[in-house]
Each structure stands twice: as structure tokens, then as C-alpha cells.
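Generate coordinates for the entire structure from the input sequences, incorporating the hints supplied.
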Amino acid sequence: MKKIIDVKDLYTQFGANVVHAGLNFHINEGEIYGILGPSGCGKSTVLREMVMLQEVSGGSIEIFGRDVANISYDDAQELRKNWGVLFQGGALFSSLTLYENIALPLQEYTKLDKNLISEIVAYKIDIVGLKPKDASLYPSQISGGMKKKAALARALSLDPKLLFLDEPTSGLDPISAREFDKLILKLRDLLGLTVVMVSHDLKSIYDTLDRAAIIDNKVIVAQGKLDDIISMDNQFIQTFFKADI
Amino acid sequence: MLSKKNLSFTSSFANNRLDFSLAGEINLYTLVSFEKELESKLRNGSELFLNLDDITSIDTAGAIYINKLEQTFAEKQLAFSLTCKNEQVISTLKTIHVLHLDLEEFVYKQPLFIEKLGEDAVLRMKKFVEFLSFFGQISYGFFYLFKHLRSLRYKEIFFEINENAIKAFGIVALTSFLVGVVMAYQSSVQLKIYGANIFIVDMLGISIFRELAPLLTAIVIAGRSGSSFTAQIGAMKITEELDAMRTMGFDPIVFLVIPRIIALMLMMPLLIFVSDVTGLLGGMLVANLDLGISTSLFLDRLNEVVAAKHFFVGIAKGPFFAFLIASIGIFRGMLVKDDTQSIGINTTKSVVESIFAVIVCDAVFSIIFTNLGI
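Here the protein sequences line up with chains A and B, keeping their order. Positions 0 to 244 (numbering that gives the first Met the number 0) are the ones given, in order, by the first sequence. Positions 0 to 373 (numbering that gives the first Met the number 0) are the ones given, in order, by the second sequence.
Keep in mind the hints are simulated off the structure, nothing from the lab. Every residue gets a Cβ at the ideal spot worked out from N, C-alpha and C, and that includes glycine.
Derived Cβ-Cβ restraints for the label pairs, each shown as a range:
1. B:Asp53 with A:Ser38: 48 to 54 Å
2. B:Lys115 with A:Asp8: 56 to 62 Å
3. A:Glu61 with B:Gln76: 49 to 55 Å
4. B:Lys84 with A:Asn16: 52 to 58 Å
5. B:Phe158 with A:Ser230: 53 to 59 Å
6. B:Gln87 with A:Gly39: 38 to 44 Å
7. B:Val31 with A:Glu61: 28 to 34 Å
8. A:Leu189 with B:Gln76: 30 to 36 Å
9. B:Ile165 with A:Asn16: 38 to 44 Å
Using 20 Å as the maximum straight-line C-alpha spacing, the simulated EDC-like pairs for lysine to aspartate or glutamate come out as follows:
10. A:Lys241 with A:Asp227
11. A:Lys110 with B:Glu36
12. B:Lys4 with A:Asp112
13. A:Lys110 with B:Glu34
14. B:Lys4 with A:Asp73
15. B:Lys93 with A:Asp125
16. A:Lys80 with A:Glu28
17. A:Lys110 with B:Glu24
18. A:Lys146 with B:Asp337
Below is the structure:
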């Protein structure tokens, strides 16, 4: 299996506060990988470091064979076109309609004509389960679940092979959350995506993840298949997975 | 692994059939060259045979394009066929195939000019009615508080007085002083020609007391407090704080709106007074340096020729201006919708509208006062 992301000795520090003291893990092509851990352990920070929103203090993160900690501007731009990021709140551009939000990367990065762009957008809107008539709405006019779907469509607009999800099901009702899980699984199979996600939602973790890493107390305390992780003797793992649900 | 931009073509034409072979990757970036190449090779009415055997990968955009090609050929009733060995490419092509989308719904229709005009007019009308209703709510709030003086938010009022008036004294004083200097300096040139140096006192006294000080103060406060009211209340609306207050039974009118209005109405006369004093100070300085009018002469003359009514007219305008600035600022804040751009738009509008309202109000006052002979 091909490694898409390879994190080696990742070290993160905010002022005097050490967040990660040497993380090592890798993510294979085609899998859904979860980064889990208690609040404040720096899960989102790892994600932000991967997508180059945050500088790493030491170590390396290789994505598609390129080290994001040490990368030229052009390479970084190239890399950015090859992944999609879904933010917790959607972060859709509030001055643009859903259609414009999804079409924006296509207009900026490709020379395709309008008709083809609108067909691609139509396809993306359909694939995430939105209706064509939603396309003309503004983000302020739609519900939280729809916002997430639209943001997912935007993340997918350039046909990335890699998708980052930051708490994809937070703020959704249980039914929408399960729907969203199914959507992620469907898209992975349909488009051959590799998915990296940070999540707190236990049901979502059980349903979607292939493998996971658990960060606790600055290091990775467990990684691998979920079944193997659950049996491990760690206080966080015991309380998190053995909680009555 | 990163998407590459290599795609090459070979084609041959025979028996009214175009054999078109591709090698490499079909994706968002190579699609345009594929499209162009195919168009240049394709003759009217010819059949097409696509050979995708050497394609290593295809993305959904490419698949959508090939799907569309197939449809157009089917519409023209021309033969279209393709071959492909790569399993992955075939499966991507298949996922697109099942979709049937109605593109009509995506077409954005540009509204007619007259349509926009009508919509705009109705929108403005609605905003005005909304403002009247807001005015009604404020009035109701005032009456309610008259009856229940104890529920007046004294703490908030003093907080707002400090934020919006006390902290504004400096900037109001400085602006007025400079305007006083400029006014005196400009008119001294003219007055010197006629040897009418002493009339600078009449001119400055009346113009600053009656018009300049109130207007200048109002403009500074509109820019300073009007905008901050809009941004504060607007942000509270976005974070659903206003809704939370309502559900807990804290009427935002009583808790947020009225304290701000009262604070500004109480303090505006004081701010105008500061502006009066510093404006005259600036004028006096220039009169002394440029026209040789001593401070005591200036003050004597001021006492003699400028009636007290001019001063009181200026001060009396204060609460009215303050009411306009505060209520427009807060109203605009309440109009903020659930997006970030709306805060910017409403803040701009709040400042522009409150300055405009202040000037209109000033014009109305000057008509009233003239007719009353004040």
C-alpha cells in the first residue's frame, strides 16, 4: 500500500507549551484515518499542520512525498490543489452562493468553459446529496447540515485525492451525522479518496474509520485498527471507548 | 501521485470516422487541450472512436466531458464508441453515466433593470417601515422605563457614557480647535483687507456656537460611536446573543438600546460645550497672532455682540443629534444578517445615514429657529 501521508517525529510547541513531542504515523492510500484524543491534545493542530495553516516546530510531514515543513511556494500551491479541506463550521464564503462557492476553485485554477464548470458543479452538488435548487442559496440561508454538505462539495470541486475533515459531524443532529458518515464512505469508494479526520463522535468513529491514531499527553499512545486500540490499557482509551453509548 | 499535466493525442481520419487515441491523464488541467485538439480534428458529421487504452487516470471532470460528448453524438445520431482497459477509468466513467441532471436550474437569470429598481424600492420602503417600528419600540421602552424607573440600567448608562463621551472629549476638542484655527485664519485674510479685524469675533462666535460646534461634534460621534454600536450589536446578533437575551426575558431594547441612547443624549450637550470652548480658543489664538486682537478684547467683544441664545440653540440641538446617531447605529446593528459582509455594509451605512440625518435635522432646526425669530 502506498503511503500518502507520512508524519515523522513531529514536534509542536507554542511558546513554552509543548503540544506534540515526537509523533510518528502514516496514512495509506484509500483509507479513512482518524486522529483522536482528549480535548486540547492537539488533534486539530496536527490537521492544521498537515494543510500548512500552522508551522511545525520540528520533524516532518510528508504528503504525496513532499515535506510540507520545507516546501517551495509553487509546490505548496500544487499540493493545495490536490487536497480538499472541510472546516468545522463549513467556512463557506458568505458573500457567494453555494454554486459560486463550489465553482470558485474551478474558475480560478482551470481554463474550462462556463458550461462544463456548471456541469461539474451540478455533479458535485448531486454527489453530496444537495438539490439543484439549493445552488442559488447563500450560506446564511441554509441549515447546518446543508452547510457541511456544501462545504464538502467545495472541498471536492477540484477532484482531490485527499480529503481533510475537521470534526465533520459536530453540530449535526444524529440522523444527519449518520447520513454524513455514509456520504463519506460512499465518496471514498466512488472517488477513491483518502480521508483524514479529527472526530469526537464515537458512532462516527466506529462506522467510518479504518485506522486511527490516539494522541494523549503529547505522544501517540496507540495506533492501528480500532479493535486493537480499544483493548489497550490507557486511561483515555478506556473512558472514551468504554463509555456507555 | 500528484495530478500531472501530461496528455498526448494521436488521431487518424478514414471512412468518415475519426480515430482518436489519448495517452496520459485526463483531468481538470489537461481537459482543455483535449477539448481543443478534438474540435480541430473533428469534421462535421463524422463519427468518433475514442481510444482510452493508454489513459492512466481520469477525474470526474474528464468523465463528465466524455459523457457529454456521447450525448451530443447520440443527439446527432452519429456513431460514437470508446475503448478502455483501465478498470479505474472505467469505474469513474460509469459513476458519471448514471447521473442525469437538469442544468436549467443552474442558469442564473440576470434580472431586468426595471425589476431591480422595483425590488430596490420595495426593499427601501420596508427598511423605512422597519425603522418606524423600531422607533415605536424605543418609545415604548422609554414609557415603560418611566413607569419602572428601577429597571433602568444605570450601570450600563454610565459605562456607555464613559465609552462614548468621556473618551471622546479629546478628539472632539482637538478637531474643534483645529477647525477654529482654520476658520479664523481663512477669514482674517479677508477681514484685513477691509480693516474689519474686530468682526472676527462676531463671525466666529455665531458660526461656532450655532452651527459648527454641534455639527462637528455630531460627525465625530457618528463616526466613533455610531459605527461601534452597529458593529457591537451586529456581532451580538450573529453569535445569537440577542436571541439568547430574548429567550431569557431580557428585552434588548431595555438592556442594550435605551442605555446607549440615554448616555449619548445626556452627554452630547456637554461634548458640544467642549467643542464651543476649544473652537473659540483656536479662533482666539489666530485673532491674537494674526490680527492683533488681545484675548481680553476678544472676550469683551464676544460678550457684547454674541447673544446667549446662539449658544443655547447649539446646545439644544445636541440631544436630538444624539438620538439620531444612537438609534440609527443600533437599528443598523439589528439589521445585520448571519454573515460577515453584512456587518461591514451596515456599519458603513450607519455612519453615512446618521451624518445625513444629522444634517437634515440641522436644516429643519434652522428653518424653525428662523421662523421663530431665534
